[in-house]
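Trainee: Construct all of the structure, not just a fragment, from the sequences and the given hints.
So you can see what is in the structure, the chains are spelled out below.
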Amino acid sequence: MQNIDLHNYQDFLLRYIDEELDLRQTEALLAFVALHPAIAEELESLQSTKLAIEVITCPNKAVLYKNIFPVTLEPTTIVYPNKQKLFKKEKEKAPVVFLRWWAVGAAAIFIFIVARYGMFNGEAGVGLSKNNISKSSVVKATISTANNASHKNTTTNIVIENNESLASTNIVANQQNIATNTLESGGFGDVAYHAIQNASTVTTTETTHGTASYTGDVIDVKPTIIAEITVPSITGSLTDHDETTETIETIDTETASSNRSVMVGAFEIDKDKFRGLFRKANALFKNKENNKNEK
Amino acid sequence: MTEKDYNESVLLYADNVYRFIVKNLRHTEDAEDIVQSAFEKLWIHKDSVETAKAKSYLFTVAYHLLIDHTRKAKRISLQESFENDTQTAYQENKALKKVLHDALATLNETQRSLVLLKDYEGYSYEEIGEITKLTTDQVRVYLHRARLKLRNYLISPQQVL
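Chains as they are written, first to last, in the working numbering: chain C, 12 to 306; chain U, 29 to 189.
No lab work stands behind these hints: they were computed from the structure.
Glycine included, each C-beta is placed from N, C-alpha and C at the ideal position.
Below, simulated SDA-like cross-link-like pairs (lysine to any residue); rule was C-alpha separation at most 25 Å, straight line:
#	chain 1	residue 1	chain 2	residue 2
1	C	Lys72	U	His92
2	C	Lys282	C	Ile122
3	C	Lys299	C	Phe289
4	C	Lys72	U	Glu31
5	C	Lys291	C	Asn302
6	U	Lys125	U	Gly150
7	C	Lys61	U	Thr88
8	U	Lys161	U	Thr79
9	C	Lys61	U	Asp43
10	U	Lys161	C	Tyr27
11	U	Lys161	U	Thr134
12	U	Lys177	C	Asn19
13	C	Lys72	U	His55
14	C	Lys61	U	Ile95
15	U	Lys32	U	Lys83
16	U	Lys177	U	Thr163
17	C	Lys61	U	Leu176
18	C	Lys72	U	Tyr148
19	C	Lys99	C	Ile89
Part of the chain C face toward chain U, derived, beta carbon under 8 Å:
#	residue
20	Glu31
21	Leu57
22	Ser59
23	Lys61
24	Glu65
25	Cys69
26	Val74
27	Asn78
Negatives, chain C to chain U, calculated, CB over 10 Å:
#	residue
28	Leu17
29	Ala42
30	Pro48
31	Gln95
32	Trp113
33	Val115
34	Ala126
35	Tyr128
36	Phe285
37	Phe289
38	Ala292
39	Glu300
40	Glu305
Mentor: Below, the structure written as structure tokens:
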């Protein structure tokens, strides 16, 4: 411990005032002060500099407190009046494409109008289908025969009646019938041969291959192709048979088959499939309504 | 510290902090503002402040707010009003207690704060050093100088002024 003397006593006095001396230092200082009355006066003056503790109250202490209010509120019974409106029912799973009957009907009407008046093409009165069936394009099958009325060397008169309005298929049928009848009527080979040949010319070319004298050309059958079948001569019994030229205006079969489809914009829709789709849709909705009614 | 601890700190230390500030500033409204700011800062940092160190934290914050306030006040020549106050007090020859507080006003902010922290709050040199960001020796030296200055003022105020 540092000894207290006249050179360092003031530091001890100040530390004593500040209460920073331990017990032994305090006893030593008080003993030193007791020996020096002048230092005792100085100690008294220094002690007067020490502030007396004052009680000062902070005026607005209440604003410093945080959340002093009661934390838990007393439960009060308040009934919400429109509670019924808040109830929710989970929606049923809708089908992938949910269409109502009137929506289907509207769509059908729309498609019909579009198909009928050609809204997308902008041409009034012209159908959307490029393969429209027009009344004017009635199948015309013209078989013009130079001498189709009769064959000289035949025992029976065979008349091939060619109706201008006949379809090619009808022609085939008629000719086959003719051929059959000819064969049945007595086996006149020449006539029968001729008849078969004519018939086969129209129907198939393979069967006519057997006839050596047939040189008729079968023109590739395409829509609105006129095939000219020229039979210059039939070797064999039909020597006097005149050259016949048959002009057949074939049926536009592709057009007929494609008449079932309708072009809507850039899409080609098969009418039958479309109709079937509507039927299925209607059946679906009817089943659904029935199920609902049963529930 | 919890909300409860914070409110307990308000109950325990608000008066002390306020006394410390108002004795320094001698301006009640400014002192209230500083105290409120100090406690607001404690509330914000309550999660990081231990309950045992709440008082020290409050005084530290209040002291620095005080320093800031005093520096700001100096810029608007508040010192003149202090001098007028001390002169008025001297002329009226008030009681010793009053004179002592006037003498306190003659100290600079640091010395005054050290005296207040020592006498009112009973902090040690080390604790005062933590609050004021001074070393222990600095606290001791500054505080001793303040004591001698106060003593001289009490013995002969005219010499001091």
